[in-house]
Structures are given as structure tokens and as C-alpha cells.
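Engineer: Position chain B against the provided structure of chain A, taking the given hints into account.
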Amino acid sequence: MKDTGKNIPSLRKKSFLSTAEPYLFLLPALVIFALFLYYPFLRTIFLSMFLTNKTGKPKIFVAFTGNDNYLTLFRDPSFWSSILVTFKFVIFVALGGLLIGLISSLLTERKYFGSGFAAAVYAMPIAIASAAASMSFKMILHPTNGLLNHLMGTQINFTGDSRYALGSVIGLTIWLTSGINFIFISAGLRNVPGELYDSASVDGAGYWRKVFSVTIPSISPTLFFQIIINIIGAFQSFSQIKLLTEGGPGDTTNVMVWSIYKDAFRNFRFGAAAARSVILFLIVLIITIIQFRFEKKGVNY
Amino acid sequence: MRIATLQRRRFQNLGRFILNIPLMLVILVPLLYTISISVMPPDEIYGNHLIPTSVKFTNYIQAFTNPYYNFPRMILNSFFVSTAVMLGQMVTCSLAAFAFSFLEFRGKKILFLSVLATMMVPGEVTIIANYLTMAQWGWLDTYRALAFPFLTSAMGIFLLRQYYLTFAKELYEAAKLDGCSNLRFLTSIVVPLSRPALGALGAYVFLNTWNQYMWPLLVTNSRNFRTVQIGISMLYDVDAVSLGLMMAGVVIVIVPSLSIFVFMNKQLINGLMAGAVKG
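Those protein sequence lines, which keep their order, are chains A and B.
According to my numbering, the first sequence is numbered sequentially starting from 3.
According to my numbering, the second sequence is numbered sequentially starting from 748.
Rather than coming from a laboratory, the hints here were simulated on the basis of the structure.
No residue lacks a Cβ here, since even glycine has one placed at the ideal position from N, Cα and C.
Any given hint might turn out to be false.
[As the list claims (entries may be wrong)] Simulated restraints on C-beta separations:
hint, chain 1, residue 1, chain 2, residue 2, range
1, B, F852, A, N55, 38 to 46 Å
2, B, K856, A, V33, 14 to 22 Å
3, B, N817, A, Y199, 55 to 63 Å
4, B, R757, A, S222, 31 to 39 Å
5, B, M866, A, N55, 54 to 62 Å
6, B, F811, A, L101, 35 to 43 Å
7, B, P789, A, R77, 45 to 53 Å
8, B, K856, A, F89, 49 to 57 Å
Pulled out of the complex, with its shape left as it was, chain A reads as follows (with noise of 0.2 Å):
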């Protein structure tokens, strides 16, 4: 068959037609990932190692030279500083959330009157966007005005005091990323077999011993995938500290979002904003690979 079709002109030239055509089906698509994703992908690692002028053109080639934009980044303190403040927002940020996440899921499990309503408000979150989320919680956090110092009768300038910034944008962080902790958590509660509890209930097992010992374990898949959500969501914070805090007071929530975009637009460094950037995409990367470990191992079942 495959021959005889060979020797006709008109089928073979439908042949070529059906060869080329599912690559016109994918062009659109790969056009825009090719233009906005892989070109600046290798474009950001390409600056990285150059100095830039002040409109991002590479000036001097400066990698492998020992004073290169990652070793300069390595020697400055407030670089490492940021990454600290990174880690501890971060982690604040998931543990949060999945805490949250866990407790309005418990709380919704089962249907009672007002459930719905329950869960459709724990489920909010996730429409609200960050820079509205802000604006309102840099209302609430109003040193004279805000609703936090009235009810606790003080003055306190939470994004302006060293002391409160950084807890105010991990506080805004974990409500908005309360909802989709939520819906995945009660997901995963759902899929958790009825006779397990049964069975715990035959055995004499309280709520409480029921939560600890057949619930989390049951979902500690789910939480674990949630955690790793959390992670990198909470790595590309931007808008919470651009208007709560922008990055300060001092250096005290220059997360790593944040300072790209500061190298980048206020110091027009672009070559460090580059080399910063790699090293936030490394982070993700590594975040990644041991999510794959883990999920290949299975985490508990």
C-alpha cells in the first residue's frame, strides 16, 4: 500500500502536507514559548555574565574573571541577607498556609448546616488578587488609622518597624494562599477511605487520635505536594512587598523577587538582576527535583 501510494504525485504531495501539518498546529504555541520563555531564559543566563549599561545592553564580559556578577553577589552581605529573609519567608509562608489550609478543611469535612458557606469563604482567596489583598491589608496596618492598631489600642507602624515588616507580609502571604490550601487539602480528604475511620471508630479512637493517626497520615501526599505549592508560590512574592513594604525598613523583607526587581529598576543593574535571577530559578529547580524524589518513593502510605 505504502509503495503503490509513493508512485501516485497527487498522494504523495498530501503525504508532505500531513507530515508538516501538525507542526503547524503546534506553531502558534511554540512561537510564543520560543519568544517570551526560552529566548529570555537563555537571554537572563547570557546577561548574567556580562556588566550592563543602563539600558540592559552587555557592556564588558566579565564571567569567569573573578568578578564576575555571581561572585560579587556571593562577597556582598546584604546578598546573603536576602536570601536569609527569602528562607524565613518562605517557610513561614508554607507552614502557614498548609496550617490553615488543614484546620478549614477539618473543619468543613463533614456537612452540617453552613458547611458550604464555610468552605466557599475559606475558598475565597484564591480569586482575590495580591496587589488588592495589599492595598487592603496596608489599610488594616495603618499606624494611625488601620483597624490592627485600633483593636489593640496602638500606634504601631507595622510596615514601617524592622521589628513587625516582615511578620505583616508573611501574615498578608498566608491569607492569600490560604485557599488553594484549602481546596487541595479537602481534596485530598475526600479521597481518604471511609473505612479507616471505621475501623479507628471500632477501636475506640477519639476525633482527635483519628485526625493524628489515620487522617494526616492518609494525606500526608497532599500535604507534602501542597508544601512544595507553597515553596515556590512563595518564592515569587512580588507585590506584597512592593506595596507594603518595599523591601525595608533596611534590608529586613528584601526577598529575592523583590531584589531583582530593585537591581533591575532602581540600580539598573540588569547583568546582577540576571545572575540573581538564575539563582532563584536554581532554587526552584532543586525544590522540583526533590519533589519528583519524594513522589517517586511515595511519602507515607
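Structural biologist: Coordinates of chain B only, in the frame set by chain A:
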């Protein structure tokens, strides 16, 4: 006896609901407080009232009518860009997902992996280089800059592909036998059948684009091309007296997001769950 247990259960349910109240307040208070401040007369904001004694809509009228803020234009910008990105992704992702699920061709596996690999790169990593590209092309302060980089996504391709893979292969083969072209099969059979998946993608992408902050902040400068998320913070920058105005801006911006959450809840959550499957 039965009535007693019934009553006990009702009591338990009430107790369960009451347990929810503290956490519900934590989630709801920021929104309620924002609404409350947005309709409060200025002297009451400074008097630290929590609930306004009288409801005033002057802040909303200001936000919509004061030409200085140019807020209505920013709302339109956001709507326009979000709609364009949503429709663009529906088209490019449907096409690509179709090729990945129905067609056989050389390099399919590698191309699919290279699409999936894009999920490993956070947008913030490439944002500086993308900004420089936009500056070079003279695209700063254009709708193109706001929309083009987001006209496709690995998440969208993956979501639709998973859905298409559930279709029976016989359907495709029968259509081919009848002389139906691939494009026609996609537009007249696959797309109508995959409305749930397209709805999930659409709701998720529209909301995400509407909520974007960092990219629009970088590539726009003029008030004619700013999007709403940046617009609300500009209501604040004007002068410090405008706390109420700023909160009105937040409420205006949140209304479309919450509408999608309420009216397309199922689609949104499906899209979100597909989108979060990183790596």
C-alpha cells in the same frame, strides 16, 4: 429517644458551625473592612470608626469620574487584555493539545517535554529579559506588551490534552474516513465536546491576567496603558487623604474576581488544580 438524638445532632452541627467563626472572620474581615472604609465619610476614617454611621458613595463616584486618576480606562485595559489573553490561550492551547493527543509526528515526545519544561521556569526569572525585549521592540506602553507573552501556556496545553485523551480514538478515525480535515474535526467536534475543559482554562486564565501585577508594572508607564491592579495603588499615591478612595478602588477591582469565583466556581477550581500541578 429519637427526638433526643436528633436534637443532639442539631446541637452538634451548630457547635461545628460556631467553631468555624474565628477562622471565617480572619478571612472575611479584610474584605468587610475594606468595603466599610470605602463608604465611610473621611472624618470617620480618621476617627477610627469600624462601621460608618452613614453610607457615602463619593469615593466610588470619584474613582469613576475624576479624569486625573483615569481609572475607567484602566478597568477597560484590564478587561481588554484579560479577554485577549483568555481567547488567545484557548486557541493556541487547543491547537497544540490537538496535535499532542490526536496526531502522530516525529519529535512529538521532545516537543511535548519542551512544553512541559516551561512550567519549571517561574515567570519572575525571565521577566528582566522579557522587559528588555519589549524595550528593544518599542513595545513599552502597548497592549501587545501586556498580552503577547501570555498567549499560550503549558498548563493550558496540558489541561486540554488530558481532556482530549479521554475521547475515543474511533471518533477521530470515523471522521477521517468521512474525509473530515483535522482542523474541521477540531473546530466542529473536539472544541464543542471539550467545553468543560475550555471553561476551566478560560476562567483561570482570565482571573490570573486580571490579577497580574508585576509584568504590567514593568511594561507600562502612561496612565493610558496601566491596568487596574496598578491603578489602585496610584489612587493611594495621589495624596494620603485618599484612604477611602483607595479602598473603593480595591472593591471595584475585586468585584470581577469575586464574580468569577461565585459564578464559575467549579471551572475556576478545576483550572486552578490543573495550574498548580507544577513541575
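Engineer: Next, verify each hint and record whether it holds.
Structural biologist: Results of checking the hints against the structure:
For B:F852 and A:N55, the hinted distance range of 38 to 46 Å is satisfied, since their beta carbons lie about 44 Å from each other. Checked against the hint of 14 to 22 Å, the C-beta distance between B:K856 and A:V33 comes to roughly 20 Å, which is consistent with it. Take B:N817 and A:Y199: their Cβ atoms lie about 57 Å apart, and the range 55 to 63 Å holds. At about 34 Å, the beta-carbon gap between B:R757 and A:S222 stays in the expected band of 31 to 39 Å.
A hinted range of 54 to 62 Å is violated for the C-beta pair B:M866 and A:N55, which are about 33 Å apart. Between B:F811 and A:L101 the CB atoms are about 40 Å apart, so this pair conforms to the stated range of 35 to 43 Å. The hint said 45 to 53 Å for the Cβ distance between B:P789 and A:R77, and at roughly 51 Å that hint holds. For the hinted restraint 49 to 57 Å between B:K856 and A:F89, the CB-CB distance of approximately 37 Å leaves it violated.
Consistency with the previously given hints fails for numbers 5 and 8, ordered from lowest to highest.
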